[in-house]
Amino acid sequence: MHGRLKVKTTAQQEEAKRKEREQKLKLYTAATSGAFKKRLNGEFDEEGLKLTGEILSVNPDFYSLWNYRKEIFLFMKDNKETEFVQKLMQDELGFLESCLKVNPKSYGAWHHRSFILENMPHPDWERELQLCNTFLEYDERNFHCWDYRRFVVLTSDVDLEQELAYTTEKIQTNFSNYSSWHYRSKLLPVIFPDPTHPVRVQEDILLQEHETVQNAIFTDPDDQSAWFYHRWLLGRGRKKLQISCVHASRKTNQILVLLTNYIQVNHGHQLSVNINSSPVTGEWRNVTGTNSYSIIWILTVKDGFPGGEDLSIGVTLLTESDCTQFSQGLQLTQGQDEAWTMASYKAGTRFSIELSAAASSTMEKELEAIQELHSVEPENKWVLLTLLYLMKAIDPVHEKHQDDITEAIEKLTAVDSKRKAFYLDLKSKFMMEKILDVQDVNTRDMTLSGLDLTSLCHTEWMVLVQELDVSQNHLTSLKPLGNLPCLVVLIANNNDIDSVEGLQHCKQLKKLHLQKNALRTVQAFSTLSSLPLEDVNVSGNPLCNIENYTEALKAILPALAPS
Amino acid sequence: MAEDLPDEFDVVVIGTGMPESILAAAFARIGQSVLHIDRNGYYSGQWASFSLKAIEEWVKESQAPEEVYISEVKTDGEQVMLHLKDNSYHKYKLQFHISDPEPELEEKKEGVKNIADGSQEKDSNKIDLDQDPGDNVEKEKEKLELEPESTDFNQAQTSPENLKDVDETNESNENNVESGTQNSLEDKPPEPTPNVDNAASDVKDTKPTTDKPSSPLWTESKLRKEWRKFNLDLSPKLLYCGGSMVELLITSDIAKYCEFKTVSRMLTLMDGKLKKVPCSRADVFSSKDVSMIEKRMMMKFLTFCVDFEKHEEDYKEFMEKPYKEYLEHQKLSKNVIHFIQHAISMTSDSTPTPEGLKKTQKFLHSLGRYGNTAFLWPLYGSGEMPQSFCRMCAVFGGVYCLRTPAASLVVNSDNVCTGVVMTTGKQIKCKRLVMENSYAPDSYIDSVSNRLVNRGILVTDRSIMAADDPHQLSLLRIPDSSDEEHPTTLLELPAASMMCPTGLYVVHLTKEANNESQSPEESLQSVVTKLFKDSDIDSTSEDGSRQIVWSLYFQQKINVGGQSSSAPSNVILVPGPGPEIDIDHAVTIARKIFEEVMPGEDFLPRPPNPEDIIYVDEEETQVTQDSEKTEFSETFQGSGDDSSQTTQPDSIDNDHADQSSETKATNGSGKSDVPSNSSDIQNSAEEISESIEKCVIEEKMEPATS
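Chains V and R, in that order, give the protein sequences. Letter by letter, the first sequence follows residues 1 to 563 of this note's numbering. Letter by letter, the second sequence follows residues 1 to 706 of this note's numbering.
In case anyone wonders, no lab produced these hints; they're calculated from the structure. Misleading hints may appear alongside valid ones.
Unchecked claim - EDC-like cross-link-like pairs, simulated, lysine to aspartate or glutamate; straight-line CA separation at most 16 Å:
hint, chain 1, residue 1, chain 2, residue 2
1, R, K300, V, E379
2, R, K300, V, D222
3, R, K431, R, D7
Stated by the list, open to error - Covered stretches of chain V, as calculated for chain R (at least 3 residues, CB under 8 Å):
hint, segment
4, 219 to 229
5, 365 to 377
If you're wondering where the values come from, they're calculated on a predicted model, not measured in any experiment. Just so it is clear, CB atoms sit at the ideal spot from N, CA and C, and this is done for glycine as well.
Kindly generate the complete structure, drawing on both the sequences and the hints.
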């Protein structure tokens, strides 16, 4: 043979490719329209499977076709013999495997697999676990497969300790694996529950986990996944759901309840009120007047509190999932306008809960290790941030570490300037925690001026406050003050506030001083028109440049005293 | 067959070792006509991998005196005689350390059968001829056990160190040492003994250590029976995953002819114990041998090494100082320095800092590409590597003749080589000649640059460090306290790397020697004692007794490239394999030579895709796409069927090797004839690296892009 060696030109190649693509598209559209037509006609047969199969094997992300297939399988399940269905589904699993080879991260294919396994007469869970192993071998970070694995483990009877060992193995090959760490955080509390605490993990196991994760952060302190797990280890303490405060006011005819966690009333939790042993009806609302998740709930007593007698008010919180009840009562005597009970806290414990699950010796050891790491990695933001959290957790009222905390935050804003605002907010948060922690819970008058605050946090703990001064800070928003339904006087001069959003929920607000802020329009106040505002001072704001702004403001706020 | 060869070639390449084969392929690839010959009946010369039988044959043949060939051919110029035999190897010592039990009644039958097998081995030879050319000669044991360096052996026996070893080893080993043969207590006549498949009870008295049911029993005859499964390298070579060989394999598409396994662990000896070296991020994370803060310091330093050139101020002061001092200056702990110096960078105490940094960097660039360590091992032995290049050469028209010694070079009065004369008398003209050093006349070689390498090949029945996965491929470098510059490199290859039967390991020891006074066995003795006689060495193993079942020691003399000025200018000498463990040096040499003699030409560019090749019928001048692409990809098959056969692809003759210019003429489309746009190259590079990966870590699925 005397063939001469030639090389195809790029133009030739392109032409060939174009033709191929054209052909493909033709087949694809034909099959698609065929499948949709069948579905419309309610034809749930094997031909439908074949038709959709052709398309899905090239594009496994065609949701509608998966849905059609699901309909076919459900139809078959109801109308055919079990053996036939089993066989058909068996084939489907094989088909799915080939689809997943095309795209191992196809949502549709993985979901469909779950569907098949759930509907299969005789599912082989062992095999499914093997499949997960194989796919995670190819890509240990395929979270679709991790999800599916958790589904398999949940449904079948798999030894959880083996699963834990599996995550260990995966972490050892590559610890930049969120899925694997996450799975661990789900497994540990189940396998090694702390007998003394519902959501905790045994202390000795925790120590082991700390060591593992420390190995990771020392090996690569820039890897987020390990830090996130570290954070979980330190901070998986959760507050027990309780009632912290009940407040009743004859003036507003309202009963206010402050909880320790966010809930949604009538969705897993119930709140009920008795006044002198007779139940009170009415709808619970949060401070914004809706029924979405909140930590503060308010019930307006429809017909007002019965007058002329001492009232004994009882509030009960029922958690439906475990049928636990928590009750809190208070007395509202005849002459009282308002009354409240507030759970008392030991100073320094109110906020530490967030990071306090581990024994303090563990925390001290942890701090030492991170400080060591800090000495070799002085610029690493993850190290600094963790150091910050640890110091705060060990020393909630900032006695020992005050300077270190300030220094760490300053350093963080410098090394990670993109997140400067986050660090400043964190600083504000720490500052407020420090103040609120030692503050008398029953106080009605608070001053938070000149603290360099950029944001207000934990305002739910200020639920009883009537007079508040937040002047001389860097606040831009007053939204968190919506949690202060008792607020009557607010002084917020010398900030960067550009909106009064949030204050509309402070139904008692009479005096509002916002001098030297960033308010631009009078219209911003329109939301406050229903408030009994008598004294509003907005001098030194950009809106003062508007002609007749005082008149405009008076028009919006009718209760304003003539000045 | 050599008589049928054309009378003239552009390039004659003598020797099928690594640099020669790369050059042969590179010349053929740019359209030069290449004749590639080897005096041996097997490929790869000093780089070859042998079966158990073939290596015995090699030992025997290497010791035969060199024949003298007297040329009676008349030539135009002066004839300069070449070496017909490789004189690089000396001081062989081949031993079976296990013996066969006394044949018993029930085994008699089998014994007879085995002897019959032995005489009829021609059948089996056919299968493996390319590797075992000498197998048709029946084995004569006495000759194989020949020990030319018996004086050395006696020295070894009397040295106190050795005596101590003898005490520690089991009885049969002791006997081996004393008798100097493979025979055991029974003092059997040195003849092939009957094969025993399962002789636990019989062996008990001779091998007291092997009565544990878990350890397989190896006998000499059992080993011999499995001779085909051995691939024993004369000079084992690893590939840096990010090294120049891997790059070349990918860019030249030669990777499709190769298969690899990753080195799965780097070991080191620390405080008398074997430890796994944490080299990758995952290793450092899970290592128990380094403390938390050491992990950080180590990772920090290694990260710095990845692009150390950018931070010159950090090591400026140490430019002239040893790397070790620099490491100490970095406040790294003793352990970490040990890991970096002896395993990761593989440097000595005197290695200068810039070189140490460079070596560390090379290692790091190779990490994580195909596995958790930086090295690849060619399946079936590093002898496969030169053959892959020969295959590419043949695809582009190179002509191959094994067992074809060239007798002399013809050199004209201007000291230019005009051709070669074969031992058959056939003359072949050439414009250029490439030749391995060991072929070259002594006068062409600058003898100053001779180096000695002591090599040991051991077959053992257990890994030096037990692990859950018995298929660990381990690399270990052991410094020599008395000779700091010349550490011993140890490579342990499991059966899974296609080097030996299941259950055995092949251990390669390589150590450069200072002088000839020590025998290879002596110079490697301390390492062998430490690793195979000291049961404490591997803390992970419950049963410390590893056994060497077979060993071969020899010394290789290599000339590291010095070509004397008396050699003709168009003769290029290339060196044999040196003591270094990686293969990249051969690529460097070949590339340098090619760029010098063929300036401006591409060095092994990627060949066109078989699918993109169109065959044009010359008679009809009609473009047709030939569906039989097999012509192109399989022309070189079976080159080893008959060792002296010339293999010439019939579809591509020399004219057509210059295909790119021809395409240009026919298509008139200028420059885009060859698929050289970047995406094509990228695609193909991906394919190739994928194909490498495939061999290494099964079929790896493409990471999804979403």
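Going down the list of hints, with the structure as the test:
As the CA atoms of R/K300 and V/E379 are separated by approximately 13 Å, the hinted pair is consistent with the 16 Å bound. Proposed proximity of R/K300 and V/D222 is supported: the alpha carbons are some 11 Å apart, at most 16 Å. About 12 Å separates the Cα atoms of R/K431 and R/D7, which keeps this hinted pair within 16 Å; it holds. Counting residues of the segment 219 to 229 of chain V whose C-beta sits closer than 8 Å to any C-beta of chain R gives 3, which meets the bar of three, so the coverage hint holds.
Beta-carbon proximity to chain R at under 8 Å applies to 5 residues in the segment 365 to 377 of chain V; the threshold of 3 is reached and the given coverage holds.
Comparing the model with each numbered hint stated earlier shows that all of them hold.
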